[in-house]
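Asker: If you read the sequences in order, they're chains V and X. So the mapping is simple: my numbering equals the position in the first sequence, first residue as 1, plus 5. So the mapping is simple: my numbering equals the position in the second sequence, first residue as 1, plus 3.
Simulated from the structure, these hints should not be mistaken for laboratory data. In this text the structure is predicted, and so the values were computed from the model without any measurement. Ideal Cβ placement from N, Cα and C applies to all residues, glycine included. Don't take each hint at face value.
What the hints assert, rightly or not - Straight-line distance between alpha carbons at most 20 angstroms, and here's what the computed EDC-like set of lysine to aspartate or glutamate pairs gives:
| id | chain 1 | residue 1 | chain 2 | residue 2 |
| --- | --- | --- | --- | --- |
| 1 | V | LYS315 | V | GLU290 |
| 2 | V | LYS93 | V | ASP65 |
| 3 | V | LYS359 | X | GLU225 |
| 4 | V | LYS183 | X | GLU112 |
| 5 | V | LYS334 | V | GLU374 |
| 6 | V | LYS77 | X | ASP276 |
| 7 | V | LYS341 | V | GLU360 |
| 8 | V | LYS77 | X | GLU225 |
| 9 | V | LYS359 | V | ASP260 |
| 10 | V | LYS341 | V | GLU290 |
| 11 | V | LYS281 | V | ASP177 |
| 12 | V | LYS93 | V | GLU30 |
| 13 | V | LYS341 | V | ASP276 |
| 14 | V | LYS329 | V | GLU137 |
| 15 | V | LYS183 | X | ASP276 |
What the hints assert, rightly or not - Some but not every residue of chain X turned toward chain V, in silico, with C-beta under 10 angstroms:
| id | residue |
| --- | --- |
| 16 | GLU11 |
| 17 | ALA57 |
| 18 | ALA61 |
| 19 | GLY63 |
| 20 | ASP95 |
| 21 | HIS96 |
| 22 | VAL100 |
| 23 | LEU123 |
| 24 | ILE184 |
| 25 | ALA185 |
| 26 | ALA186 |
| 27 | LEU187 |
| 28 | SER286 |
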Amino acid sequence: MRNILKTGLAAFAAGTLSIGLAQAEPVKVGMITTLSGGGAGLGVDVRDGFMLAVKQVGNDELEVIVEDDARKPELAVQIADKMLQSDKVDILTGIIWSNLAMAVVPNTVNQGTFYISPNAGPSQLAGKMCNENYFNVAWQNDNLHEAAGAYANSAGHKNVFIMAPNYPAGTDALTGFKRMYEGELAGEVYTQLGQTDYAGEIAQIRDSGADAVFVFLPGGMGIAFTKQYAQAGVGAPLIGPAFSFGQDILGAVGDAALGVKNTSQWSKDIDNETNKAFVESFQAEYGRLPSLYASQGFDTANLILSAMEKADVKDKDAFRAALKEADFKSTRGDFKFGNNNHPIQDIYVREVVKEGDVLTNKIIGVALEDHQDAYAAECGM
Amino acid sequence: MSTALLIEQILNGLQFGVMLFLMAAGLTLIFGVMGLINLAHGSLFMVGAFACAAVAAATGSFWLGLVASLAAAAAAGAVIEILVIRRLYDRDHLDQVLATFALILIFSEGTRWVFGSFPLYLDIPPLLSGAVRLPGGASYPLYRLAVIGVGVAVAVGLYLLISRTRLGMRIRAGESDREMIAALGVDIRTLYTLVFALGAALAGLAGALVGALQSVQVGMGEPVLILAFVVIVIGGIGSIKGALIGSLLVGVTETLGRFLLPRFFAVFIEPSDAAAIGAAIASMLIYIVMALVLAVRPQGLFSANG
């Protein structure tokens, strides 16, 4: 079935190519993202946000090819090779997961093709392996966890229990939290990746006497933990990055998430015109509220479109300079790139609230202002 | 470490084990009676959870959802038995694995078509929310206690079904000599469909019960399926008793391992490293137990055919 899909997409790509040649040369963007299997909701949101921006501008010189990586690194590498060699894309984007990004990005940018990340921001690509052709529109992986650590200080928590799955992004999350947090640790626990029953960990949290709990448990893991934590009635407040409390999963968590503090670079109530228009049009187009992933997809597309207005994509140096200027209206308000092409931005603290029947997030403060990642100094650019 | 915490952790282990038993019982029956490796058992678990979440959302009643999960999973089981599985009994295991793996993909993408990519909401019923005080000062969620109760009831029910009823007699007969029971005039095709639907219903029940605790999403069945296979290998293929003992062994080992190993390592090394190393070894622990059991008793603890 996957082969049929591929042939279909290839035929589609060939069709659009012949039309494209009749006009001016279009900018080709290859989007590799997760549209099936676990975690497909994130890829769907990034794609929908991206396509919304493309549709709004109505620029027919931008051509997007979307393919599904099913969260498999080997598949992502195959698709990237195909897009680079036979589709000859100018820009790659779309990857959600850091392990997939590490498999695709270095090879892509070394060949001189741009990669613009709408989500994954592994530390290597922000530090020693930074590249002039690699841009990250979302965040460096540690950012939201650092903000959670800073928030824990300002909220007066002195004895926090921290927990994450035992894989690279999980250890990075706890490292990021501890980089900013100044109090004591009531406990530090690594769970299995994909674990869905947290009764054992919750018993330990209760026993530890922690005054707050920080968890990094993206996707289904976060849903399971938050529900079970509320059912157990432990009482210590819950803090986490937005990944466990985004719009994409709040509906599945239900009222158990009410009052949870989470850190995010975006929220639907950030007060600027672009963001208001984005939230309204996303809801009108897709019938649901956007998540932070959708905002990242939207910003990625607008960054590309802004660069297209200033430079021809075939003139790599001019196009790169145009990207670096980041002269687009971000849903986050102010947006600029640091030396390593990662954002320097404010990170907010949000609280989960109920608006009518819908659970959503509301900004209650700023955790870190104009924050840049900790790896920028290691980057030689 | 207080006794209350230890009691709570042991109960957590039992509850986890009981969930595994609901999955493993169906799997071991199907494997034992029909000689079929059914990788799609995890998909039936998912079907149960989605049916429960959808019906609970539509009617507002968890209990109707639970009934729907049994019905939907049993129906899905019966349909795939008649359409696909029936053609696989005479094939070798590789063909069975291939066909049932295809079923996983079909169920996953089909569910995504119907329900979308985002997880569904399913909460525990109000009647069972809250916690109860246990002797020794521990408090424990009522819902999890109820799950343990359901598991024990299913185990007793299955035992009575297999050992005391005519259907059970036929199932046991089909397990030991398929040709002979067919020659004696028993409708073996219907019997197989029944056993398959029964196994599917148990998986669906497990899915609905777990869905209320965790998240109802596509692909939720596969991690449980792997553990259920570990359970039936430890317990002995085809044995309900083995599945029960194996499930409880795996559940308690897994939970206590996760809890105690990091503490054990913290005696020697930095707490941060101990947490990482302890977690890593804890995730291997049940496979180590499986290897040990297989080394001593290669046919499993209570093999039906040994």
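Asker: Is LYS183 (chain V) within 20 angstroms of ASP276 (chain X), Cα to Cα?
Answerer: holds, 14 angstroms
Asker: Does the structure keep LYS334 (chain V) and GLU374 (chain V) at a Cα separation of 20 angstroms or less?
Answerer: Cα-Cα ~19 angstroms, so holds.
Asker: Does the closest beta carbon of chain V sit nearer than 10 angstroms to the beta carbon of LEU187 (chain X)?
Answerer: violated, 44 angstroms
Asker: Can we keep the ASP95 (chain X) interface hint, with Cβ of chain V closer than 10 angstroms?
Answerer: violated, 24 angstroms
Asker: How about ALA186 (chain X): closest beta carbon in chain V under 10 angstroms, or not?
Answerer: This interface hint is violated because 42 angstroms lies over the 10 angstroms limit.
Asker: Do the numbers back the hint for LEU123 (chain X), that is, is its least Cβ distance to chain V under 10 angstroms?
Answerer: Where the cut-off is 10 angstroms and the nearest Cβ of chain V is about 6 angstroms from LEU123 (chain X), the hint holds.
Asker: Taken at face value, is the distance from the CA of ASP260 (chain V) to the CA of LYS359 (chain V) at most 20 angstroms?
Answerer: holds, 8 angstroms
Asker: Holds or violated: are the alpha carbons of LYS329 (chain V) and GLU137 (chain V) at most 20 angstroms from each other?
Answerer: holds, 9 angstroms
Asker: Within 20 angstroms, alpha carbon to alpha carbon, are LYS93 (chain V) and GLU30 (chain V)?
Answerer: holds, 12 angstroms
Asker: Please work out if LYS341 (chain V) and GLU360 (chain V) have their alpha carbons no farther apart than 20 angstroms.
Answerer: With a Cα-Cα distance of about 32 angstroms, the restraint between LYS341 (chain V) and GLU360 (chain V) is violated, given a limit of 20 angstroms.
Asker: Are LYS341 (chain V) and ASP276 (chain V) close enough, with their CA atoms no more than 20 angstroms apart?
Answerer: Holds, at about 18 angstroms.
Asker: Is LYS183 (chain V) close enough to GLU112 (chain X), meaning Cα to Cα at most 20 angstroms?
Answerer: violated, 40 angstroms
In this structure, the hints that do not hold are numbers 1, 3, 4, 6, 7, 10, 11, 17, 18, 19, 20, 21, 22, 24, 25, 26, 27, in rising order.
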